[in-house]
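Same order as they appear, the protein sequences are chains A and B. So the first sequence is numbered by the numbering used here: it starts at 51 and just counts up by one. So the second sequence is numbered by the numbering used here: it starts at 597 and just counts up by one.
What the hints contain is simulated information worked out from the structure, not anything from laboratory work. Beta carbons: idealized from backbone N, C-alpha and C, even for Gly. Possibly wrong hints are sitting among the right ones.
Claimed, not checked - Below, computed lysine-lysine pairings styled on BS3-like, alpha-carbon distance capped at 30 Å: (1) B:Lys666 / B:Lys606; (2) A:Lys211 / B:Lys695; (3) A:Lys224 / B:Lys688; (4) A:Lys219 / B:Lys688; (5) B:Lys632 / A:Lys224.
Stated by the list, open to error - Rough simulated footprint, nothing fancy, chain A against chain B, three-plus residues with beta-carbon under 8 Å: (6) 601-611; (7) 696-702.
Said to hold, decoys possible - Sample of chain B residues at the chain A side, in silico, Cβ under 8 Å: (8) Ile686; (9) Glu687; (10) Lys689; (11) Leu693.
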Amino acid sequence: MMGLGRCFDNFRMGYALVHYALLTASALYPEPDFEVALYGFGLYTDILLQLIDEGKLPRGFTRYIHDFAMALKEMDLIRLATIMNRLVHDVATRPEIPTTLRHAVQISRMVHEIEALIDVDEVDEALNRLNDLINYISEHKSEILKCVPEDVIDRILGRLKEVLELLGKTPLPKDEIFARFVEIHQEFL
Amino acid sequence: MAEVYERLLKEALTWVGIGLGIGIPVFIAAILIFLKFKDRRRFYSIPLFLFGGGLMAIGFSALKDYFEIKARMGGSQTHSSNPQKLPSEIEKKISELIKRLEELRARLR
Chain A
51 MMGLGRCFDN FRMGYALVHY ALLTASALYP EPDFEVALYG FGLYTDILLQ LIDEGKLPRG
111 FTRYIHDFAM ALKEMDLIRL ATIMNRLVHD VATRPEIPTT LRHAVQISRM VHEIEALIDV
171 DEVDEALNRL NDLINYISEH KSEILKCVPE DVIDRILGRL KEVLELLGKT PLPKDEIFAR
231 FVEIHQEFL
Chain B
597 MAEVYERLLK EALTWVGIGL GIGIPVFIAA ILIFLKFKDR RRFYSIPLFL FGGGLMAIGF
657 SALKDYFEIK ARMGGSQTHS SNPQKLPSEI EKKISELIKR LEELRARLR
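Construct the complete structure from the given sequences, taking the supplied hints into account.
In structure tokens form, the structure reads like this:
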């Protein structure tokens, strides 16, 4: 049986995969920052290749490196987002992919989506996504707890609670909210 | 992100303009040629149908993108960036979610 440490490493890789893909995409707009974009892309590629080498992801997933590189070259944000969604969907729906990775990718996607919605002031929609995230963690808590230490989950839920409290303030303290998200990301990176 | 949406919106509108602005007249011209001529000149409408149809497809696809982006932007406009007071339903939602989060944390401990 896989130890919690190794399993948590896999979870972190899944989380980081989505994180760095989004970092790459966000570095392109509004002003392209190629240094950040290439840094994000390099880490995204490393993680994807490692997961493929370890047999956690099918060989066919190398196409997500090629497609991502092409979209990056053309600075096509919509295509990058489409590739990301396809990758997340593929990881979520293929039964041969370990459950740990599926949960990691889904949680990462939801956390980043909430952050992006708050960034564009869509508080109501962000709350709906937060609701989805809480539902997701509740539904899969036993499987998630097999891989993610309890104290990590507790800290993340604590940070999310702080985010919720900050969302109730006017004007919206975005800097403080994003600082909480940075802390959440750091738990996995 | 708002700037990103605005830029994407402008790009989508440009393609709607090009696609539909040129595509529809070309397509109509193709139909007219097809109906007007009964001899071999009728075949001249084929490339026009293809060209006009292609441009219209680009235009409609851009129009779809435009409405999708607009819908996302619209969501952000319904909630002003710096409201003086939060709508009560949002406040209610926040307190419900905090309660649920606390329950979840208690269950996980």
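Tested hints:
Under the criterion of a C-alpha separation no larger than 30 Å, the hint pairing Lys666 of chain B with Lys606 of chain B is consistent with the structure, at around 11 Å. For the hint pairing Lys211 of chain A with Lys695 of chain B, the CA-to-CA distance comes to about 9 Å; that is within 30 Å, so the pair holds. Note on Lys224 of chain A and Lys688 of chain B: the hinted pairing holds, with a Cα-Cα distance of about 20 Å set against a maximum of 30 Å. For the hint pairing Lys219 of chain A with Lys688 of chain B, the CA-to-CA distance comes to about 13 Å; that is within 30 Å, so the pair holds.
The straight-line distance between the Cα atoms of Lys632 of chain B and Lys224 of chain A is roughly 64 Å, outside the 30 Å bound, and the hint therefore fails. As drawn, the region 601-611 of chain B meets chain A at 3 residues by the rule of a beta-carbon pair under 8 Å; at three or more, the given contact holds. Counting residues of the region 696-702 of chain B whose beta carbon lies closer than 8 Å to any beta carbon of chain A gives 5, which meets the minimum of three for the stated coverage. Taken as an interface hint, Ile686 of chain B checks out: its beta carbon lies about 6 Å from the nearest beta carbon of chain A, inside 8 Å.
Checking Glu687 of chain B against chain A by beta carbon gives a least distance of about 6 Å; that is within 8 Å, so the hint holds. About 5 Å separates the beta-carbon of Lys689 of chain B from the nearest beta-carbon of chain A, less than 8 Å, and the hint is met. Proximity of Leu693 of chain B to chain A holds as hinted, the smallest CB-CB distance being about 5 Å (cut-off 8 Å).
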